[in-house]
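Student: Spelled out, the chains give:
4 protein chains.
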Amino acid sequence: MATRESVPRSKRRATSPKAQGRRSELLAIAAELFATKGYTQTTVRDIGDAAGILSGSLYHHFDSKEAMLDEILRDFMGSLHAAFAEIVAGGESPRQVLEGLVRCSFGTIHERPHAVALYQNESALLAHLPDFTFVARTSQDITGLWLGVLAAGQESGDFRADLEPGVVYRFIRDSVWGAVGWYKPDGKLAHSTLADQYLTMLYGGLLRA
Amino acid sequence: MATRESVPRSKRRATSPKAQGRRSELLAIAAELFATKGYTQTTVRDIGDAAGILSGSLYHHFDSKEAMLDEILRDFMGSLHAAFAEIVAGGESPRQVLEGLVRCSFGTIHERPHAVALYQNESALLAHLPDFTFVARTSQDITGLWLGVLAAGQESGDFRADLEPGVVYRFIRDSVWGAVGWYKPDGKLAHSTLADQYLTMLYGGLLRA
Amino acid sequence: MATRESVPRSKRRATSPKAQGRRSELLAIAAELFATKGYTQTTVRDIGDAAGILSGSLYHHFDSKEAMLDEILRDFMGSLHAAFAEIVAGGESPRQVLEGLVRCSFGTIHERPHAVALYQNESALLAHLPDFTFVARTSQDITGLWLGVLAAGQESGDFRADLEPGVVYRFIRDSVWGAVGWYKPDGKLAHSTLADQYLTMLYGGLLRA
Amino acid sequence: MATRESVPRSKRRATSPKAQGRRSELLAIAAELFATKGYTQTTVRDIGDAAGILSGSLYHHFDSKEAMLDEILRDFMGSLHAAFAEIVAGGESPRQVLEGLVRCSFGTIHERPHAVALYQNESALLAHLPDFTFVARTSQDITGLWLGVLAAGQESGDFRADLEPGVVYRFIRDSVWGAVGWYKPDGKLAHSTLADQYLTMLYGGLLRA
DNA sequence: AATGAATGAGGATTCATTCAT
DNA sequence: CATGAATGAATCCTCATTCAT
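Here the protein sequences come in this chain order: A, B, C and D.
Following UniProt numbering, the numbering of the first sequence begins with 1 at its first residue and continues without gaps.
Following UniProt numbering, the numbering of the second sequence begins with 1 at its first residue and continues without gaps.
Following UniProt numbering, the numbering of the third sequence begins with 1 at its first residue and continues without gaps.
Following UniProt numbering, the numbering of the fourth sequence begins with 1 at its first residue and continues without gaps.
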């Protein structure tokens, strides 16, 4: 069930002190392009151009274009799962934990919009690439965390019991992550304010009491 | 003397009586592939193979791969907007209209899952293709319809007034359309039942009263 | 040495009374397109469009696109050679015969500009197509006719003797046929007037006497 | 931070020191094939084969097959116009200038036969390609130079006045450039000797004085 | 005589990747 | 570390041609 299987040694390069910095820069550039234009629509030349080097030089840092995507997603899925797990482990009430998860999600959208968009938009691709099953696996782990909270909330009487947790989870997940498609990190609508509004709707519904 | 004026190539597709059937078949095949594998990941050969003809033969029916996507999306966006507009024009209460829009959305997911998925997943691509501005345009028209209903509901007192309609719309839209990613048309969860649950959450919220 | 070898029977269709008219129309259309856009750049669809039928229907009249070119050129080369031969056989003085040949050339440019242009412009193509050696052969026959006249003129003392007939022939041929590239059949410069000017230059030169 | 502005693709071809040599080689190969087989009949694979590389590798040097033609013709038209302009600017008598232009033309046929043939034979194609209007434009500039000399010669009394300069120019141009179709650079007929004969005919005419 | 769907071969172009320098 | 020339496979598309209707 674990998500952190280690990467085959041949795939990860020797991490010289400053080389890591360059790697991160390149991955950030790639992530932005992947998110903006789509992974397939982004050429290694696009990445090279944006980084100021020739496309062939990328292969000094990464084994392949796919390896870049792998690293981006592996890092993202790992931290996301870790962050969620920490919140769940906090031992607060289901209602407070759920609020924490939602706020954490919006925080992630704010801080790492490209990785989120990648995770959201490239599902068709990821499902076809054999090396990316870890994404689905971590996804399921995360789903497990959320379902646990929802079940606990129904048990404790906090959440209404006439809804299927699976449906509720997907409802929340899709609405929250969907915000990555339109949320502007530097707009006037702060991500915490957005979280407030979403939690209000989520908890109280749309109708006037 | 023969008629010599040359017909513009793009207009040549005279809708002959029976040819339409074949076109529709091919478009359905293409839509499924586009939705499943992604537009860029789908080759014209994939489409030809699935249709039992050679890839080159597709060009007897369509000008290009892009033209197929265009036709699929144009048709979809058109009917969707029309269906929504009809519901809005029904003159019912905001609450009833909103319910109608949500149920219509789930019905569309059920009946035309591939087109919905396309519309959902290929946003990065569509934003970069100059010939597909109509998608964004129709999208805005649809947004206008929903915002109108939400505003009317706030005015009438049906909907709570402490939420921004723009945020509410996106919340609903993303949660509802997101279902295309996991809803199984032939599963045990009927789309109308799904709509019920979503409306319950949407209207009443997650917390026990 | 003869030029009129008969066409293989399988290649020429049964000549029903009116079918010939249609054939001629189609060939005229094809010739114009071949001359204007170039043979390779002209698609059978272009021809079909211009004729008001589908490209496939052309194959009811001709075996292939190449067969159309063959028929156009064979007819043209044949009549041209015949016309030149008749002038040469007229028994007039070399100077009069040469004048006749030049006038006949301009008349041909006027009346059959497309075939002339084809003959002029598609030399690179014709040299590579094995079925079109007849063009080069007839061309040589025609060259023979002109060289004969030039030699006779030098012998008779009409033409200056310090020029190689081969060079003179090419000089005349290129300048005269080259006119097909800019002569306008319906312009104010009549082809006979043009012939006058060319003959003046040809015979008297550019310098003031 | 890397430089992120992307360089326009068409401008990427930085003229690196040694890369120019390879480009020129490839262009020379392409020009010969274009001239011999025709532009359309020449495939990029033909060019690649002749150059000893794969066809796809050509795109490392040039944007497209058309770009190769563009570069060949642009360079040719430019030098031709420059050479003619320099002769005209020399300030000699019209008769001497005209002789210079003719000799320069034969020199060009001798040294750059492929480019000349291209310019001569692909008129139908060039007229249809929107990016090649510069050929027609430079052509007109060149025509202007010749017409100026012819007019000056008529004014000075060197050239006979009963001929239209426009017709005279086309007569000379077509006869001279036409030689590219049969002149053999390594044959026994030197290009300067050929120029002699042409000038003799041009100035003195065919008839014995 | 003509249609329209389909073939099959080929053509230009793209692009991830390699490697000698 | 980076360059730049080259690879080789794949992609979209074109087009002459065929044939059942």
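In short, the hints are calculated from the structure, not lab data.
Because the structure is a prediction, the values reported are computed rather than measured.
There's no promise every hint is true.
Stated by the list, open to error - Selected chain C positions facing chain D (Cβ under 8 Å, derived; list incomplete):
1. Gly38
2. Thr40
3. Val44
4. Glu155
5. Phe171
6. Asp174
7. Ala179
8. Gly205
9. Arg208
Said to hold, decoys possible - Stretches of chain C that chain D covers, calculated by requiring three or more beta carbons in the stretch to come under 8 Å of a beta carbon on chain D:
10. 79-89
11. 101-108
12. 124-132
13. 159-169
Even for Gly, the Cβ is constructed at its ideal location relative to N, Cα and C.
Student: Interface hint check: glycine 38(C), Cβ to nearest Cβ on chain D, cutoff 8 Å. Holds or violated?
Tutor: 4 Å, holds
Student: Quick check on the hint: glycine 205(C) CB to chain D CB, less than 8 Å?
Tutor: 3 Å, holds
Student: How about threonine 40(C): closest beta carbon in chain D under 8 Å, or not?
Tutor: 4 Å, holds
Student: Closer than 8 Å Cβ to Cβ for three or more residues is the test here. Does the segment 124-132 of chain C pass it with chain D?
Tutor: Check passed, 3 qualifying residues.
Student: Please verify the coverage claim for the segment 101-108 of chain C: does it have three or more residues whose C-beta sits within 8 Å of some C-beta in chain D?
Tutor: violated (count 0)
Student: Hold the hint about glutamate 155(C) up to the distance rule: shortest CB distance to chain D must be less than 8 Å.
Tutor: Since the shortest Cβ distance to chain D is 12 Å, the answer is violated.
Student: Is the interface hint for valine 44(C) satisfied, with its Cβ closer than 8 Å to some Cβ of chain D?
Tutor: This hint is violated: valine 44(C) lies away from chain D, its Cβ roughly 15 Å from the closest one there, beyond 8 Å.
Student: Does aspartate 174(C) pass the interface hint, meaning its C-beta sits closer than 8 Å to a C-beta of chain D?
Tutor: 3 Å, holds
Student: Could you check if arginine 208(C) really has its C-beta closer than 8 Å to a C-beta on chain D?
Tutor: Given a least distance of 5 Å, the restraint on arginine 208(C) holds.
Student: How about the segment 79-89 of chain C: do at least three of its residues have a C-beta closer than 8 Å to a C-beta of chain D?
Tutor: violated (count 0)
Student: Count the residues of the segment 159-169 of chain C whose Cβ falls closer than 8 Å to any Cβ of chain D, and tell me whether that reaches three.
Tutor: holds (count 8)
Student: Can alanine 179(C) be said to touch chain D, with a Cβ gap under 8 Å?
Tutor: 7 Å, holds
In this structure, the hints that do not hold are numbers 3, 4, 10 and 11, in rising order.
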